[in-house]
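Novice: What follows is the residue order along each chain.
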Amino acid sequence: MTIFFLMFLMFELKRMTLIVIILGYMIYFYYSSVQSKMKQLVWIGVVVLIAIIAQPYYLPKLNIRLAEREKKFQTNISENEARYIESVEFWNSIYSFKDPVTVFFGDGMSNYDYQSELLGERNIHIEYSMITKMGGLIGLVLYLYILIAPFVLLKRYFNRVPDKEKFRPYFVMARNLLFLFFLAGFSGGHIHITFRGMVFLFVGAVMGVLYNETRQYSQMQDPQHLNELSADNSEENKSESIRAF
Amino acid sequence: MDTYIITFLIVVSSIFLFILRRKFIYWLPVFLILGDISASFIEGDGLTLYFKSLILFIVFISVYFNSKHRKLFGAFTMLIYFLFVNILNINSYGSTKVSSYYFASIFLLPLGFISFRKLEELHLLLKGFYWMMIFYLINLILSTILNIGVDERRTQFFLIGDLYYLGGNTYIPLFYSFLFL
Numbered sequence: 171m172t173i174f175f176l177m178f179l180m181f182e183l184k185r186m187t188l189i190v191i192i193l194g195y196m197i198y199f200y201y202s203s204v205q206s207k208m209k210q211l212v213w214i215g216v217v218v219l220i221a222i223i224a225q226p227y228y229l230p231k232l233n234i235r236l237a238e239r240e241k242k243f244q245t246n247i248s249e250n251e252a253r254y255i256e257s258v259e260f261w262n263s264i265y266s267f268k269d270p271v272t273v274f275f276g277d278g279m280s281n282y283d284y285q286s287e288l289l290g291e292r293n294i295h296i297e298y299s300m301i302t303k304m305g306g307l308i309g310l311v312l313y314l315y316i317l318i319a320p321f322v323l324l325k326r327y328f329n330r331v332p333d334k335e336k337f338r339p340y341f342v343m344a345r346n347l348l349f350l351f352f353l354a355g356f357s358g359g360h361i362h363i364t365f366r367g368m369v370f371l372f373v374g375a376v377m378g379v380l381y382n383e384t385r386q387y388s389q390m391q392d393p394q395h396l397n398e399l400s401a402d403n404s405e406e407n408k409s410e411s412i413r414a415f
Numbered sequence: 045m046d047t048y049i050i051t052f053l054i055v056v057s058s059i060f061l062f063i064l065r066r067k068f069i070y071w072l073p074v075f076l077i078l079g080d081i082s083a084s085f086i087e088g089d090g091l092t093l094y095f096k097s098l099i100l101f102i103v104f105i106s107v108y109f110n111s112k113h114r115k116l117f118g119a120f121t122m123l124i125y126f127l128f129v130n131i132l133n134i135n136s137y138g139s140t141k142v143s144s145y146y147f148a149s150i151f152l153l154p155l156g157f158i159s160f161r162k163l164e165e166l167h168l169l170l171k172g173f174y175w176m177m178i179f180y181l182i183n184l185i186l187s188t189i190l191n192i193g194v195d196e197r198r199t200q201f202f203l204i205g206d207l208y209y210l211g212g213n214t215y216i217p218l219f220y221s222f223l224f225l
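Chains as they are written, first to last, in our numbering: chain A, 171 to 415; chain B, 45 to 225.
For the record, the hints were derived by calculation from the structure and aren't laboratory data. Small disclaimer: the values here were computed from a predicted structure and weren't measured. The beta-carbon is built from N, C-alpha and C at its ideal position, and this holds for glycine as well. No false leads were mixed into what you were given.
Derived, one-sided and incomplete: chain A residues facing chain B with beta-carbon distance under 8 Å:
#1 340
#2 371
#3 372
#4 373
#5 374
#6 376
#7 382
Calculated pairs, BS3-like style, for lysine-lysine (alpha carbon to alpha carbon, straight line, at most 25 Å):
#8 A:336 to A:209
#9 A:334 to A:207
#10 A:209 to A:334
#11 A:336 to B:162
#12 A:336 to A:207
#13 A:334 to B:162
#14 B:162 to A:325
#15 A:336 to A:325
#16 A:207 to A:325
Turn these sequences into a full structure, and let the hints guide you.
Specialist: In C-alpha cells:
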C-alpha cells in the first residue's frame, strides 16, 4: 500500500512533493544500517519493476500530467509565481517596519489574508509568512522554537540511549519528519490538523520512548538504585529460601 | 449538523477510550481521520475541526496536569501567546478555526511524550497510522465513486481522483514511517 500511495504522490508531479520524497529518502538511506540499506535496495528494485510493468496503464496519463505541469518545472518561472510574488511583497512590508506593533505582534489569528499589490487579496500560502502575518515576528520565533527544540532534544536523548541501533530508525524517522515538516512549510498547506497531529504525536512519542529508555539506563547506573535493587534481590532470595525451607 | 454531532461523538468516545486504557491512544489517529472524512463530505469543515481541536485540548490539559513532565519545550509559552492573540479576535470564525489547528497539533507533542514509554507502544501508534491510511484510501475511492467531496479540478489524473484529501505534499512524510519501520 505504501508503494501504491508513493507512486501516486510521485505522479502528482508537484515540485515540493518530489523534493520532500527524494530528499527525505536520501536522508533516511544515509543513516540506515548496511543490512537495512540492502533490504531497501531490494524494495527499490521491486518498485522499479512494477513501474516498468505498469507503464502502459499510466504513461499516457503521466504525459498529459507532465504537459500540464511542464511550466512549473522551468527554472525562470518562479518570478511569475503567485507564492513568490506574495512572499517578496509580504516580507518587504515586514522589513519596512511601517507598523512596528504589527511586525512584532501580528494582525491576530483571523487575519491571514494578505492584500497584495499585484495579486489582490488572497490567503498567504507560505507557512512562515502566514504565522508572521497572524502572530508577528514573536509568533514566528515561538513557532520555530516548537520545531527546533524537539529536533535538538531528540539528539540529546538518543546520545544517552545505550542500545543505539535498536532505536536508530525511530530517531532518524522523527528527525526526518520534523525536518521535512519544516521544509514543506515553504510550500504551505500545513494547517490540516490531522497531518500536523500525526507529525507531532509521532515525534512526541519517539521522544517519550527515548527519554524513558535513558531514564531507566541512568537509574541502573545509579549506585544507590543498584543498592536498592540488590537489597530487594537479597530480600527476595531470603524469602525464597525461607519458602524453600 | 449531523456530521458535527457524529464527529463530536467520535472524538468524545476516543477520549473515553483513552481515559479507560492508555494503550488505546493508538486509535487516536483513526478517530482523527474519521472526523476528517465526515468533514470532507460537507462544505465548511471548520466547525468540525474546531470540535476536534477543542477536545484534544481538553485531553491534553487533563494529561498534562497529571504528569510529572511540566516543562515541555515551552509548549505552554506558545499556547499562552496564541491564546492571547486569539482572544483579541475571538469574534471571528476564522480565528477559532486556524488557531485551533495550531493548538491541537502542538499539544500532541507533549501528549505523545507522556503517553508512549515503550517501543511496543510506539508500534501500536504506527499501526494506528497504518489504519488511518487505509481509511483515507477508502475515503478517496468512495468519494470518487459517489462524486462527493472531491474537487473537480483535481480529478483529472487517475481514476481515484486526486490526493487532495491526502493533502498533496503535506502527508508525504508520513509514508516514511510505513516504508521503513
